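Produce the complete structure using the sequences and hints provided.
Take a look at the letters that make up each chain.
2 protein chains.
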Amino acid sequence: MDAARAEALLDFLALADRLKTVERRGRVPLPGGSTRRENSAEHCWTLALIALLLHREVAREIDLARALSMIAVHDLVEIEAGDTYAYDPAACATQAEREAAAAGVVFGALPPDLGARLRALWEEFEAGESAEARFAMGCDRMQGFLQNVLSDGQGWKEHGVRRADTRPRMDPARAVDPAFERLIGALYARAADGGMLPE
Amino acid sequence: MDAARAEALLDFLALADRLKTVERRGRVPLPGGSTRRENSAEHCWTLALIALLLHREVAREIDLARALSMIAVHDLVEIEAGDTYAYDPAACATQAEREAAAAGVVFGALPPDLGARLRALWEEFEAGESAEARFAMGCDRMQGFLQNVLSDGQGWKEHGVRRADTRPRMDPARAVDPAFERLIGALYARAADGGMLPE
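Each protein sequence line maps, in turn, to chains A and B. Using the UniProt record's numbering, the first residue of the first sequence is number 1, and each one after it goes up by one. Using the UniProt record's numbering, the first residue of the second sequence is number 1, and each one after it goes up by one.
It should be emphasised that the hints constitute simulated quantities derived from the structure, not laboratory data. Take these hints with a grain of salt, some might be off.
[Stated by the list, open to error] Simulated coverage check for chain B against chain A, where a stretch passes if three residues somewhere in it have a Cβ under 8 Å from a Cβ of chain A:
no. : stretch
1   : 10-18
2   : 25-35
3   : 43-49
4   : 57-70
5   : 176-183
[Stated by the list, open to error] Sample of chain A residues facing chain B (criterion: CB under 8 Å; computed from the structure):
no. : residue
6   : 1
7   : 13
8   : 21
9   : 39
10  : 48
11  : 65
12  : 186
13  : 187
Given the structure is predicted, the values throughout are model-derived calculations rather than measurements. The C-beta atom is built at its ideal place from N, Cα and C for all residues, glycine as well.
Structure, rendered in structure tokens:
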């Protein structure tokens, strides 16, 4: 690694650090009973942990390195585009365009070979076609739902989200594999038992 | 996956979520110029990104799935043991004992097969002998140093850390590979240029 490449990598890591300041709607329970909004960087760590726990629980063989690599980069465009709330139709309508522009900025900040490699991982995640991309999508959506359950449905309540609103997002995640169906079914049961997600 | 296993995994993920409330001494720059302490979950995400960027930059072949898996679990014991500041000798003296006890609680919360698998990854990281463990150690220590550079050395200044204090921790990271030597050398230069780390 030459000096210029080292400086470029450090500059990129300084940019990537901003993912820690992108706030999601889901909330993190704090000691003492309050909550705060989750940020996208810690969300990505939870996805990695879920992927590590589940990659041998599913029927299709998962290339764990590829799944974890996709997970590490899948939200980097939010540094420029911000987080898009799944239950905000206006924001979702412009999401693809905003994120494509952001990808040029974020992945363009890397040396070209690394930028192309990380961009390809992000595109694979977005396309949602490979076994690893579908697996990562299932982990991503399960995690968002889980975070709401962990925080007594506060994120849902703030935005008036009802059970039916979650189905277009969660049904594809349940369909990834029977293990996802089981886990997400159990999360819906916890949400119902806790009165977090009205019918 | 049967119902009991699903419930056990969800309970574990609820426990693991607490890593987002474990604060490190390094600080995250915020929009507007202030900073806040970094938490261990977002630290783990940054390590994953660093590992993804560097695994092909080093001479030894790295099994990326194993490195990223180790990175995802390496700080889980902090849920019970708390973060141990690298420049606090009293805390470091009791760290191994506290973390071994914590490992029993944290990995013991998983179904036995998964608990054993995650514990083995943590133990491999702690032993620091495999190529992937040494690579992950290098990423971990580089990230801690980087976080201080990103926040104008605030964490160091608060605790009176000088350049020589960092060497027992950073010299083994520099020795992992010439790429680490290059990157960490560049970080020391940035710290020196910014007056962040007195001689």
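Practice prompt. Against the structure, test the hints numbered earlier, and report the numbers of the ones violated in rising order.
Written response: none
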